[in-house]
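**Q** Here is what each chain is made of, one letter per residue.
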Amino acid sequence: MLLSTGLFFLLDLALGSVNIPIDSVLNILGGSKEKTSWTYIILSFRLPKAITAILVGGGLSIAGLQMQTLFRNPLAGPYVLGISSGASLGVAILLMAGSILAGTSMLQNPIFDIYGMVISAILGASLVLLLVVAVSMKISDTVSLLIIGIMFGNLTGAIVSILQYYSNPEQVQSFLIWTFGSLGGVTWSQLKWVMPLVLAGISIAFGLQKSLNALLLGENYAQGIGVSVNKIRLWMILSTSLIAGTLTAYTGPIAFIGVAVPHIGRLLFRTSDHQILMPAVGLFGALLMLICDIISQLPGTNQTLPINSVCAMFGAPVVIWVVMKSRNVKANF
Amino acid sequence: MEESARTILQTENLSIGYRLSKKKKLTLLSEINISMQKGELVCLLGPNGSGKSTFMRTLAGIQPPLQGATLVDQRPIKSRNFKEISQLLSIVLTERLTVENLQVFQVVSLGRYPYTNWLGKLDREDKEKIRWAMEQVNVLQFANHTIDQLSDGEKQRVMIAKALAQDTPLVMLDEPTAHLDLPNRVEIMKLLRRLAKETNKAILLSTHELDLALQAADTIWLMKKGEPIKPGVPEDLVLSGQFESTFNNQSFAFDKSSGKFKMNHCHISSIYVEGNSVMGFWTRQALEREGYEVSENQNHDLHIKINPEDHQWEVRYHQKHFKCQTIKDLLFTLRNNIST
Chain U
317 MLLSTGLFFL LDLALGSVNI PIDSVLNILG GSKEKTSWTY IILSFRLPKA
367 ITAILVGGGL SIAGLQMQTL FRNPLAGPYV LGISSGASLG VAILLMAGSI
417 LAGTSMLQNP IFDIYGMVIS AILGASLVLL LVVAVSMKIS DTVSLLIIGI
467 MFGNLTGAIV SILQYYSNPE QVQSFLIWTF GSLGGVTWSQ LKWVMPLVLA
517 GISIAFGLQK SLNALLLGEN YAQGIGVSVN KIRLWMILST SLIAGTLTAY
567 TGPIAFIGVA VPHIGRLLFR TSDHQILMPA VGLFGALLML ICDIISQLPG
617 TNQTLPINSV CAMFGAPVVI WVVMKSRNVK ANF
Chain S
3 MEESARTILQ TENLSIGYRL SKKKKLTLLS EINISMQKGE LVCLLGPNGS
53 GKSTFMRTLA GIQPPLQGAT LVDQRPIKSR NFKEISQLLS IVLTERLTVE
103 NLQVFQVVSL GRYPYTNWLG KLDREDKEKI RWAMEQVNVL QFANHTIDQL
153 SDGEKQRVMI AKALAQDTPL VMLDEPTAHL DLPNRVEIMK LLRRLAKETN
203 KAILLSTHEL DLALQAADTI WLMKKGEPIK PGVPEDLVLS GQFESTFNNQ
253 SFAFDKSSGK FKMNHCHISS IYVEGNSVMG FWTRQALERE GYEVSENQNH
303 DLHIKINPED HQWEVRYHQK HFKCQTIKDL LFTLRNNIST
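If you read the protein sequences in the order shown, they are chains U and S. Heads up: the first sequence begins at 317 in the working numbering, then just goes up one per residue. Heads up: the second sequence begins at 3 in the working numbering, then just goes up one per residue.
Hint data in this document are derived by calculation from the structure and do not stem from the laboratory. Hints may be right or wrong, so weigh each one.
Claimed, not checked - Partial pick of chain S residues on the chain U-facing surface, computed with a CB cut under 10 Å: (1) 87; (2) 92; (3) 105.
Claimed, not checked - Keeping only pairs whose Cα atoms sit at most 20 Å apart, straight-line, the calculated DMTMM-like set for lysine to aspartate or glutamate is: (4) 641(U) with 86(S); (5) 526(U) with 128(S); (6) 40(S) with 14(S); (7) 526(U) with 137(S); (8) 157(S) with 137(S); (9) 526(U) with 102(S); (10) 85(S) with 128(S); (11) 526(U) with 127(S); (12) 526(U) with 169(S); (13) 199(S) with 169(S); (14) 129(S) with 486(U); (15) 547(U) with 86(S); (16) 641(U) with 102(S); (17) 330(S) with 316(S); (18) 157(S) with 589(U); (19) 123(S) with 350(U); (20) 264(S) with 220(S); (21) 526(U) with 295(S).
A virtual CB, placed ideally from N, CA and C, is assigned to each residue, including glycine.
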């Protein structure tokens with residue numbers, strides 16, 4: 317799996333509107349001289365994009381795995397706590413509220429555009445997150461937490477709809493494009509922030525493996541063998557928010573992968589043991605995301621497809637096949 | 003051994019119940035002062051709704067007490083953290099495992115959770131303890147099976163193995179024999195008794211299996227709503243009538259002489275049964291269900307003589323005589339020929 321991830325990483329670098337031979341890609345990565353335009357394309361565009369794809373695929377899958385174990389629910393994913401809705405709200409307010417309130421768009425300055433979207437997405441995600449954490453410290457029942465997370469999502473969704481209703485078509489369109497998700501918008505200078513934050517989230521998740529296995533027995537049994545369930549839950553929420561919050565801010569809400577990959581991992585490896593699942597799901601998610609990114613570039617053409625649509629179009633049949641093959645998805649929790 | 007050194011669990015003026023709001027409390031039981039020794043098998047008995055589960059949860063530190071304290075190994079459980087508690091007491095709950103995609107070995111090895119590092123890596127001692135635990139409850143041959151391949155009885159034994167792997171001086175089981183058939187229930191009770199004696203663990207279990215508890219327990223704690231817990235050796239509790247008063251109600255009664263519960267059937271008529279063999283026992287059982295009061299008085303109109311050699315029942319009613327080959331036959335004859 318590590319091998320095929322490496323292979324697709326290279327393919328992702330090679331394929332695009334301009335196809336670059338693999339050996340040239342290797343030369344560029346190795347630092348040797350190649351055509352300047354190729355070097356520029358690889359180093360400035362495709363490399364950060366491919367790294368982002370790996371972070372998104374691996375990170376969101378691991379975040380989804382944690383949430384499914386925490387809520388013992390096969391439909392849970394990284395966004396179940398309302399993180400993506402929070403980010404959407406931030407972006408929607410930035411793109412649309414300005415015009416409603418002041419009559420002018422705040423987006424006349426293009427620099428403000430890129431950074432403004434990221435900052436407002438982070439603010440929105442953090443706000444919802446703080447609320448969820450505050451609630452989770454007060455409530456010890458996980459099912460209630462799940463419902464509250466979904467309600468936060470509905471609430472922010474409602475506000476976004478109201479904003480859309482009163483906005484002009486161009487603004488609605490730029491918001492919609494953000495929700496399609498994009499891996500290409502992340503530059504090296506942004507990766508400097510994204511990478512450590514996402515890796516921190518993933519590291520926390522890896523540190524929680526043992527406790528996640530204990531949680532499989534149910535919260536009462538977990539507590540009986542010495543797990544402080546409330547503490548672990550807080551760490552899981554923190555890890556998920558670091559991963560999902562950061563990624564959503566920079567790439568838009570990339571759904572699907574976080575819900576689907578944990579299922580594929582469990583069924584491929586026929587276990588619920590997180591010591592096996594966590595690395596497996598991380599790698600598989602990264603692999604799947606690289607493949608989706610290659611497809612979305614439509615190699616050889618100048619067209620691209622929105623990454624969210626590609627993930628769902630090619631991922632959904634895989635998940636349907638996997639679920640139909642397995643006897644009982646519920647058996648994993 | 004000195005008494006205090008053997009005491010592993012003790013309560014001090016413990017009140018159990020629920021805090022409904024800041025000011026309102028629902029107290030189920032108060033002033034509980036009770037203790038358990040190492041190597042003792044204690045069965046907690048009581049009708050539904052008497053607070054058994056609440057009491058167990060409070061003892062295990064899962065639910066906070068309203069007042070008073072539980073002392074485990076001489077120190078209040080409240081002053082200990084989860085890790086310390088998990089090295090002193092292990093629990094087996096009524097709730098069934100929902101995860102099925104884990105191997106038996108993996109579930110049992112989670113019992114070593116308090117002793118392993120952050121990765122959960124098992125060292126040699128851990129592996130030996132896990133093996134020993136699986137051997138004790140006879141699930142070693144299933145070590146690599148996943149949970150969904152096991153029967154309910156086997157699943158329960160796996161959870162007991164998990165508790166044993168946890169290597170604690172105190173084990174608490176909440177209705178470990180629920181959902182099980184009779185052979186499995188007896189098996190589990192025998193197993194727990196043997197473990198208490200061989201490993202010197204104190205084992206506390208709540209159960210509705212009154213006759214099994216009477217046979218297996220060193221001590222029984224009787225719980226009834228609104229009354230203090232009555233601890234005692236099973237036979238003492240029976241002889242003093244406390245056992246009876248805890249469980250009796252209108253529809254059945256505890257029979258001290260047989261140690262069994264009997265349904266209270268309404269009596270329509272009296273009958274005399276002659277013969278005291280095994281056939282006699284089952285004949286009486288059938289007659290009582292049918293509504294006859296089996297009496298010691300020979301001067302009844304209705305008289306049944308049991309003839310074990312021919313496997314035959316002779317019914318005499320006034321001047322009439324009937325011979326029956328089976329109990330079915332006998333009951334049929336009684337229904338058709340005897341006016342009540």
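**Q** Which hint numbers doesn't this structure obey?
**A** 4, 7, 14, 19, 20, 21
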